[in-house]
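Visitor: Chains as they are written, first to last, in this note's numbering: chain A, 116 to 308; chain B, 116 to 308.
Hints in this document: simulated from the structure, not taken from any laboratory. The structure presented is a predicted model; accordingly, all values stated were derived computationally and were not measured. Keep in mind that a hint or two might mislead.
One side only, chain B facing chain A, incomplete, derived with CB under 7 Å [what the hints assert, rightly or not]:
1. GLY129
2. LEU187
3. VAL270
4. LEU272
5. LEU282
6. LEU287
7. LEU288
8. VAL293
9. TYR304
10. PRO305
Simulated DEER-style distance windows between Cβ atoms [stated by the list, open to error]:
11. B:ASP139 x A:MET116: 27 to 35 Å
12. A:VAL293 x B:ASP240: 26 to 34 Å
13. A:GLU292 x B:SER117: 29 to 37 Å
14. B:GLY258 x A:SER117: 45 to 53 Å
Just so it is clear, CB atoms sit at the ideal spot from N, CA and C, and this is done for glycine as well.
Number of protein chains: 2
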Amino acid sequence: MSKVITHMTMSLDGFIAAPDDRIDDLFDWYDAGDVAMTTANEGVSFKVDEAGAAMLRDLTERTGALVSGRRLFDITEGWGDSHPVGAPVVVVTHRPPRHADRWPRTTFVSGVAEAVARAREIAGDKDVTIASADVIQQALALGLVDDVCVSLAPVLLGEGIPYFANLGRHVLLEDPEVVQGSRALHLRYPVRR
Amino acid sequence: MSKVITHMTMSLDGFIAAPDDRIDDLFDWYDAGDVAMTTANEGVSFKVDEAGAAMLRDLTERTGALVSGRRLFDITEGWGDSHPVGAPVVVVTHRPPRHADRWPRTTFVSGVAEAVARAREIAGDKDVTIASADVIQQALALGLVDDVCVSLAPVLLGEGIPYFANLGRHVLLEDPEVVQGSRALHLRYPVRR
Chain A
116 MSKVITHMTM SLDGFIAAPD DRIDDLFDWY DAGDVAMTTA NEGVSFKVDE AGAAMLRDLT
176 ERTGALVSGR RLFDITEGWG DSHPVGAPVV VVTHRPPRHA DRWPRTTFVS GVAEAVARAR
236 EIAGDKDVTI ASADVIQQAL ALGLVDDVCV SLAPVLLGEG IPYFANLGRH VLLEDPEVVQ
296 GSRALHLRYP VRR
Chain B
116 MSKVITHMTM SLDGFIAAPD DRIDDLFDWY DAGDVAMTTA NEGVSFKVDE AGAAMLRDLT
176 ERTGALVSGR RLFDITEGWG DSHPVGAPVV VVTHRPPRHA DRWPRTTFVS GVAEAVARAR
236 EIAGDKDVTI ASADVIQQAL ALGLVDDVCV SLAPVLLGEG IPYFANLGRH VLLEDPEVVQ
296 GSRALHLRYP VRR
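Just chain A, with the same shape it has in the complex (with noise of 0.2 Å):
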């Protein structure tokens, strides 16, 4: 069944990056292992362990459409069109880049609702992962995400920007499945229903 999964990599402490963005400390378990891992973008691999790996293989066949937030859309430069993922990316921006053309397999909506539905239209069977804060807590917030994953990176960073913030409620959620692995321990929460 088709279900909206988040997944971002978090400090034990709840940031997904640094104030200005960086991800120093965040992302050693992309390289922490001996498991090299090439991705639909040539620019990008990775060299995992064991359970990241199969972790991040099943996240990217389940994977049908990305949703992503403007601000990541910019800093990654759209991933020249080709999301690592391999799947097509819904942009939640309220000003489309003015030559969106460049990116041909990527669509521009101006609300997380709105995303969200577009995104499962284009994901059919698989699965609609969310990867930018911002538009996940949104989606968080209107009741729309099936299952909360989070890379548990084994550091503190003391400050940063969250993965989850303005939820405005408690969200409880089920037990996650736990995955143990290098600089990273991966975990799926069912969010409750």
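Guided by the hints, dock chain B onto chain A, whose structure is given.
Guide: Quick look at chain B alone, frame taken from chain A:
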């Protein structure tokens, strides 16, 4: 070997309590199983699952002294001088309570480094456990912590009192020991030296 450890129950988004100190949805794991556990405090008992019970027994047996902040001491009225863990408590405070002799097993000292040193003396071969977020943050910043323990509750609070904050730098941890319990994932991270 005697260690200085920290332990608190934390939401997935990093909080040990709501802004008003309430712990709804966080402490469900203390009542989520069939194993009845009494404690050194007659008024406190738990019903936890097997995994949580084993973790708690181990933590309790290893702890020779506790370090607490003044705020937690006040909220619990000093546990009636009988902390559930069964060990003497060292409280960090600049203003000891007026009738300090009401808590004969409790020591009041004015600084975090002094509190940890005093607790080490009391604990002897056993561990020192710090169980107040503010004191933990100062002890981490001072480099006094060996292991960080977190009982990670499957809930997002959205706002509250953070376990970790004000560290002033990244604190790198080793990969954790993981115990999967009902309504809590028990994690023990050695601090990287």
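Visitor: May I ask you to test the hint 45 to 53 Å on the CB atoms belonging to GLY258 of chain B and SER117 of chain A?
Guide: holds, 48 Å
Visitor: Less than 7 Å between beta-carbons is the criterion; does LEU187 of chain B satisfy it with respect to chain A?
Guide: violated, 20 Å
Visitor: Let's test the interface hint: is any C-beta of chain A closer than 7 Å to that of LEU272 of chain B?
Guide: holds, 6 Å
Visitor: Do the numbers back the hint for LEU282 of chain B, that is, is its least Cβ distance to chain A under 7 Å?
Guide: With a closest approach of 4 Å, the LEU282 of chain B hint holds.
Visitor: Would the hint on PRO305 of chain B be counted as holding, given a Cβ-Cβ threshold of 7 Å to chain A?
Guide: violated, 9 Å
Visitor: So does VAL293 of chain A sit 26 to 34 Å from ASP240 of chain B, Cβ to Cβ?
Guide: Taking Cβ atoms as reference, VAL293 of chain A and ASP240 of chain B lie about 33 Å apart, which means the hint holds.
Visitor: With chain A as the partner, please determine if TYR304 of chain B meets the hint condition of a C-beta pair closer than 7 Å.
Guide: Since the shortest Cβ distance to chain A is 6 Å, the answer is holds.
Visitor: Hint VAL293 of chain B vs chain A: min CB-CB distance below 7 Å?
Guide: For VAL293 of chain B, the interface hint holds, since the closest Cβ of chain A sits about 6 Å away, which is under 7 Å.
Visitor: For the hint on LEU288 of chain B, just tell me whether its beta-carbon gets within less than 7 Å of chain A.
Guide: The hint holds - LEU288 of chain B has a Cβ within 7 Å of chain A, the shortest such distance being about 4 Å.
Visitor: For the hint on VAL270 of chain B, does the least C-beta distance to chain A fall short of 7 Å?
Guide: holds, 5 Å
Visitor: Less than 7 Å between beta-carbons is the criterion; does LEU287 of chain B satisfy it with respect to chain A?
Guide: Nearest chain A Cβ about 5 Å off; hint holds.
Visitor: Let me know if the C-beta of GLY129 of chain B comes in closer than 7 Å to any C-beta of chain A, holds or violated.
Guide: holds, 4 Å
Hints 2 and 10 from the list above are not met by this structure, while the remaining hints are.
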